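K.L.:
I would like the entire structure built from these sequences, with the hints used as guidance.
First to last, the sequence lines map onto chains E and H.
Counting along the first sequence from 1, when you hit position 9 you're at 140 in this note's numbering, and nothing is skipped either side.
Counting along the second sequence from 1, when you hit position 266 you're at 310 in this note's numbering, and nothing is skipped either side.
A few of these clues could be false.
[Stated by the list, open to error] With a straight-line Cα cutoff of 25 Å, these simulated DSS-like cross-link-like pairs (lysine-lysine) come out:
#1 H:Lys227 to H:Lys270
#2 E:Lys151 to H:Lys181
#3 H:Lys270 to H:Lys132
#4 H:Lys266 to H:Lys299
#5 E:Lys165 to H:Lys299
#6 H:Lys298 to H:Lys127
Calculated from the structure, these hints are not laboratory results.
Since the model is a prediction, treat every value here as computed from it, not as a measurement.
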Amino acid sequence: MPTANQTLDEILNLAAAHFKVPREKLNADDDFFKALGVDSLQTLDLLTRLEHHFHVELPDYELQGVTDFRTLAGRIQARL
Amino acid sequence: MKSFRGQALSWELKSGVIELALHRAPCNELGSLSLEELEKFVPALANLQLEAHALIIYSEVQSGFSAGADLRELYQRSQALEKLEAIKGVRDFLERMHRVLNLIDAAPLTTIAAVHGVTFGGGFELALACDLIIADKMARFCFPELRLGLIPGFGGIPRLNRDLGNAVVRDLLLTGRSFNATKAQQIGLVSQVVAEGEAVRAARATAAQISKFDRNTAITAKKFIKPIPYPELQREIDVFCELFAQPAVEAGLKKFVESKDAQPYLP
Numbered sequence: 132m133p134t135a136n137q138t139l140d141e142i143l144n145l146a147a148a149h150f151k152v153p154r155e156k157l158n159a160d161d162d163f164f165k166a167l168g169v170d171s172l173q174t175l176d177l178l179t180r181l182e183h184h185f186h187v188e189l190p191d192y193e194l195q196g197v198t199d200f201r202t203l204a205g206r207i208q209a210r211l
Numbered sequence: 045m046k047s048f049r050g051q052a053l054s055w056e057l058k059s060g061v062i063e064l065a066l067h068r069a070p071c072n073e074l075g076s077l078s079l080e081e082l083e084k085f086v087p088a089l090a091n092l093q094l095e096a097h098a099l100i101i102y103s104e105v106q107s108g109f110s111a112g113a114d115l116r117e118l119y120q121r122s123q124a125l126e127k128l129e130a131i132k133g134v135r136d137f138l139e140r141m142h143r144v145l146n147l148i149d150a151a152p153l154t155t156i157a158a159v160h161g162v163t164f165g166g167g168f169e170l171a172l173a174c175d176l177i178i179a180d181k182m183a184r185f186c187f188p189e190l191r192l193g194l195i196p197g198f199g200g201i202p203r204l205n206r207d208l209g210n211a212v213v214r215d216l217l218l219t220g221r222s223f224n225a226t227k228a229q230q231i232g233l234v235s236q237v238v239a240e241g242e243a244v245r246a247a248r249a250t251a252a253q254i255s256k257f258d259r260n261t262a263i264t265a266k267k268f269i270k271p272i273p274y275p276e277l278q279r280e281i282d283v284f285c286e287l288f289a290q291p292a293v294e295a296g297l298k299k300f301v302e303s304k305d306a307q308p309y310l311p
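P.N.:
In structure tokens:
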């Protein structure tokens, strides 16, 4: 099982690659809506990609109020 | 009419397959315009089905198959009317939509929804009226209606109950959570999950396979195996209209329509 830091790193890598944002510009505590420039529909797209990548099912109500990568990583880590 | 290009959708008969494409930005919200064009499609389908063995419904919009009912139109129209008139208008709209979806559900040819991206609410219900759902791996399904104080209104519950176990239906409906194509296949909702951008191609390949079978046998098999739950569908309209009269619905619609939240699609 990956560590929490590895999970966070994989999320940042995946988000940077998919939304074409330089990886070095993304930080764990960034607001991902702002850092990636995504709207709600694109957030669902990110959620689906993360579920496929980590082979988990993450109910979207668990993401309510979550805006930073670190907390997002914690939610995923809890289901690995 | 072998082909049509409207403001919300288009259709064309090609090599024995009718292809109905949704193309209303931002995400094929199903309001009065879409319904009017679907009502043009249904009589065309009755004629075209004599020359076709399959119908494929898909979206040309990048964000997804359909985000569901046009909530902005629903809210604005209800605001302009007295409560009883608004409920009457909603009932009329639902009955018209049910007529269209019931005809697609019972159409004597094999119907395939090729979905990608957002497949929510009324969009999900349109897919459920089809015989098969083929999903792009990035498709995401959801019945978010309870967030607004409503239930699905385009036949979603009776059709889900027909196709899935009741425990699964309760989970999807009562939590209002969205779920991906892999989960949809696990619960038996989706027949094939394909790579990104491949759903329509896979649907065409499936339609080609279906064309090899005797048409009358295929029609008989479908009629035998796919009952249309008409009483439950009618009951759904009644329940929806009862709920629509509640003040919580107006508040829920207002909140959604006026939301500046970055996550209005999340519960």
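K.L.:
It remains to establish, for every hint, whether it holds in the given structure.
P.N.:
Hint check results:
1. For the given pair, Lys227 (chain H) sits about 23 Å from Lys270 (chain H) by alpha-carbon distance, which is consistent with the 25 Å threshold.
2. Proposed proximity of Lys151 (chain E) and Lys181 (chain H) is supported: the alpha carbons are some 20 Å apart, at most 25 Å.
3. For a cut-off of 25 Å, the pair hint linking Lys270 (chain H) to Lys132 (chain H) is broken: about 31 Å separates their Cα positions.
4. For the hint linking Lys266 (chain H) to Lys299 (chain H), the alpha-carbon distance of about 42 Å lies beyond 25 Å, and the restraint is violated.
5. Restraint check: the Cα-Cα separation between Lys165 (chain E) and Lys299 (chain H) comes to about 23 Å, which is no more than 25 Å; the hinted pair holds.
6. The straight-line distance between the Cα atoms of Lys298 (chain H) and Lys127 (chain H) is roughly 15 Å, inside the 25 Å bound, and the hint therefore holds.
When held up to the earlier numbered hints, the structure conflicts with 3, 4 and fits the remainder.
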